[in-house]
Amino acid sequence: MNLLKKKKKGKKGEAKKSRSKFIKSKTQKYRAQRSSLSSNGKESHADFFLRKATNLLLSSLDYKTTFTKVVDLSLEYLADWCAVYLVSPEGNVEFYKIGYKKTGQAKFAPTLERHNAIDINAKSGVGHVIRTGKSEYYPSIKDELLKKIARSKEHFKTLKQMRITSRMIVPLRAQSKILGAIIFVSTTPGKHYSESDLLMAEDLGKRAGIAIDNAHLYHDAQIKIRELEVAEEKLKESSQKLVNMLETNSEAFFSIDKEWRYTYLNHLALKYAGKAREEMISKKMWEVFPHVVGYSFFNKYQEVMTSRKSVEFEEKMHDGWFEVRVYPYEDGICVYYRDISDRKQLEQRKDEFISIASHELKTPVTSIKLYTEIVQKLVHDEKSSEYLKHMMTQIDKLNKLVSDLLDLSRMQIGKLEFRKEKVSLERLVKEIVVMIEPTSKKHRIVYECKDPGVLVAGDRDRLGQVVTNLLTNAIKYSPQGGDIIVRVGKRDTNAIVSVQDFGVGIEELDQKKIFNRFYQVASYQGHTFPGLGIGLYISKVIADVHKGELIVKSKPGKGSLFTFILPLVKTK
Amino acid sequence: MKHKEPEDMAQKNTDLKDAISYISHELRTPLTSIKLFVEMFLSGGIGDISENQRQTLKTINTSNESMIAFVNTITTRDIHELIEEKKERKKRGSEEKS
Chain Y
987 MNLLKKKKKG KKGEAKKSRS KFIKSKTQKY RAQRSSLSSN GKESHADFFL
1037 RKATNLLLSS LDYKTTFTKV VDLSLEYLAD WCAVYLVSPE GNVEFYKIGY
1087 KKTGQAKFAP TLERHNAIDI NAKSGVGHVI RTGKSEYYPS IKDELLKKIA
1137 RSKEHFKTLK QMRITSRMIV PLRAQSKILG AIIFVSTTPG KHYSESDLLM
1187 AEDLGKRAGI AIDNAHLYHD AQIKIRELEV AEEKLKESSQ KLVNMLETNS
1237 EAFFSIDKEW RYTYLNHLAL KYAGKAREEM ISKKMWEVFP HVVGYSFFNK
1287 YQEVMTSRKS VEFEEKMHDG WFEVRVYPYE DGICVYYRDI SDRKQLEQRK
1337 DEFISIASHE LKTPVTSIKL YTEIVQKLVH DEKSSEYLKH MMTQIDKLNK
1387 LVSDLLDLSR MQIGKLEFRK EKVSLERLVK EIVVMIEPTS KKHRIVYECK
1437 DPGVLVAGDR DRLGQVVTNL LTNAIKYSPQ GGDIIVRVGK RDTNAIVSVQ
1487 DFGVGIEELD QKKIFNRFYQ VASYQGHTFP GLGIGLYISK VIADVHKGEL
1537 IVKSKPGKGS LFTFILPLVK TK
Chain E
168 MKHKEPEDMA QKNTDLKDAI SYISHELRTP LTSIKLFVEM FLSGGIGDIS
218 ENQRQTLKTI NTSNESMIAF VNTITTRDIH ELIEEKKERK KRGSEEKS
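Chains as they are written, first to last, in the working numbering: chain Y, 987 to 1558; chain E, 168 to 265.
I should point out that these hints are in silico values taken from the structure, not numbers from a laboratory. Treat each hint with caution, since some may be false.
Here are some chain Y residues the structure puts well away from chain E; computed CB gaps all over 12 Å [claimed, not checked]:
1) HIS1031
2) ILE1104
3) ALA1108
4) GLY1260
5) TYR1323
6) ARG1335
7) VAL1351
8) THR1352
9) TYR1373
10) MET1377
11) LYS1386
12) ASP1390
13) ASP1447
14) ILE1471
15) LYS1476
16) ILE1551
List of simulated lysine-lysine pairs, DSS-like, C-alpha gap at most 27 Å [said to hold, decoys possible]:
17) E:LYS258 / Y:LYS1462
18) E:LYS258 / Y:LYS1401
19) E:LYS254 / Y:LYS1109
20) Y:LYS1383 / E:LYS202
21) Y:LYS1083 / Y:LYS1133
22) E:LYS184 / Y:LYS1139
23) Y:LYS1462 / E:LYS184
24) E:LYS184 / Y:LYS1348
25) E:LYS184 / Y:LYS1401
26) E:LYS254 / Y:LYS1302
27) Y:LYS1401 / E:LYS254
28) Y:LYS1038 / Y:LYS1192
29) Y:LYS1146 / E:LYS254
30) Y:LYS1401 / Y:LYS1348
31) Y:LYS1401 / E:LYS202
32) Y:LYS1330 / Y:LYS1383
33) Y:LYS1386 / E:LYS202
34) Y:LYS1330 / E:LYS184
35) Y:LYS1109 / Y:LYS1088
36) Y:LYS1330 / E:LYS225
37) E:LYS184 / Y:LYS1499
38) Y:LYS1038 / Y:LYS1109
39) Y:LYS1498 / E:LYS184
40) E:LYS202 / Y:LYS1369
Note that the coordinates shown come from a computational prediction; the quantities given were computed from them, not determined experimentally. Backbone N, C-alpha and C fix where the C-beta goes; we use that ideal spot for every residue, glycine too.
Whole structure, please, built from the sequences with the hints as guidance.
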């Protein structure tokens, strides 16, 4: 039960009745007495006692030890017996201390201590004082009162033997909270507590209450401080773990705040930078690297800083290649550099191979095509012409493969050449549709054009290569035949060419990879699809060069929709 | 010189092999088909051919055979060795030119 909250109005006892009569006038008298004595230059008994008690109470935050001293002080000035009860933080009333002045009275202490249990619901006594916050005052003691107080015959006998003359109980009060009570008992014949004594005791109760409250607050604060210290320690520990992780990471890592100051660099990042930590920490990027602002990677950092979206790219630095990942975080950005030189070396191997293969095949395939055309001219009989036509189809296939490889090889060294001219998409796409349509008898190409005037700037042949690629793919990946829808139109400031088939479709996982070199949707329901798997890669590069985009929407079994987006030529 | 090959590097190496097998597979189909057509013409299986036509078809056959030989090379030989060899030859070629 929480005593601090629960307060019942108890019946006023005999003693309290007498007290209420004088309380106002006596308080004034008490104050007047104290001040008049003080004005005489001599300290009053009450002032002296309270000053001493206050000093004791303020001397330490360990209020339990202090209380022992206060009890001793009370025994010296105010009582023959003194007992303290405290309300625990859980709300229980606990007996704390009993003290007595005369050595002859020691024999009573054990009995009193045995009977110190408090009934909080009692109509009088310590429980009542703590519950109501009102003092109890018994200037003189009669047997009936002792009987009321006594818990047993033995207790009564002891109380009787103590020859109690007067008794008062005051609450220990801090603001509205009751934190305990003190009992003062006089056993000196003829010494009865006066109203001034009661007011003095109440004053002590208030001061002691405040001291306890302060101690509690201090104690709570100490606990909170300790908790904070523990939390801080844990935080330190985990951040140390994080730092260890970052330090042992095989990737270089650093973070930059919103003011572009380095906030952290792991040892690998410092190694790559070729600088000591103190040369970089808290310094702005351009203070450490004065020319950084012009670089493309710096533009990428800037992009992440403003867009708050992560970016990944590859960057050549210090004779090596790095995969760079830039992430936004609360205070700025963090950057990872992973050495991918080994992978790049192998990619280079692949590039070299493609270059060798394409150049090796270029001459013979051109020669075959040329000489077959000559033979075609020399042959006049129908049968031979028919066979040569079939042979030419195979030669064209071969030629396409080799020219794709050549394109790929040229792209790798950045030597694919692009002309820049105004291209009518409508006319270009129509031409290609007319050219492709006869190659498959199973498919019907549906051509739709909403904006016939669509103009883009770029290399007509290369743009045609993309559309051809999309169309031949649409045919290839819808082996069951059916419609292929080709649309040309505008969307905002862009021109759009889309090619939709209703064929095998592409799994979501594959959709990102189809633009990689040599990636093929391997098979679908037992079908395999011929081709190098580089057509879409080449198309993507062509789209990129034209500042366009190539995107795919697809569902397995439902077909695919490829959209080629190009910026429109601004017409005045 | 032997490179250390961590797992993902081995994977990338397989990618190179994959690329080669893709390319060779795709080339073989038309090459074999062209070879068959040329042989049929040369054997007179389609019709009579003139000496002039025979010579032209032989030239076609030589080119086609050289391509088939190249495809066989890339699928049977160590690709790194082959690349080094070709690079070396190219280097020497350009040195001689200059």
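Would you pick out the hints that fail for this structure and give their numbers low to high?
Checked against the structure, the hints that fail are numbers 6, 7, 8, 9, 10, 11, 12, 17, 19, 22, 29, 31, 32, 35, 36, 38, while the rest are satisfied.
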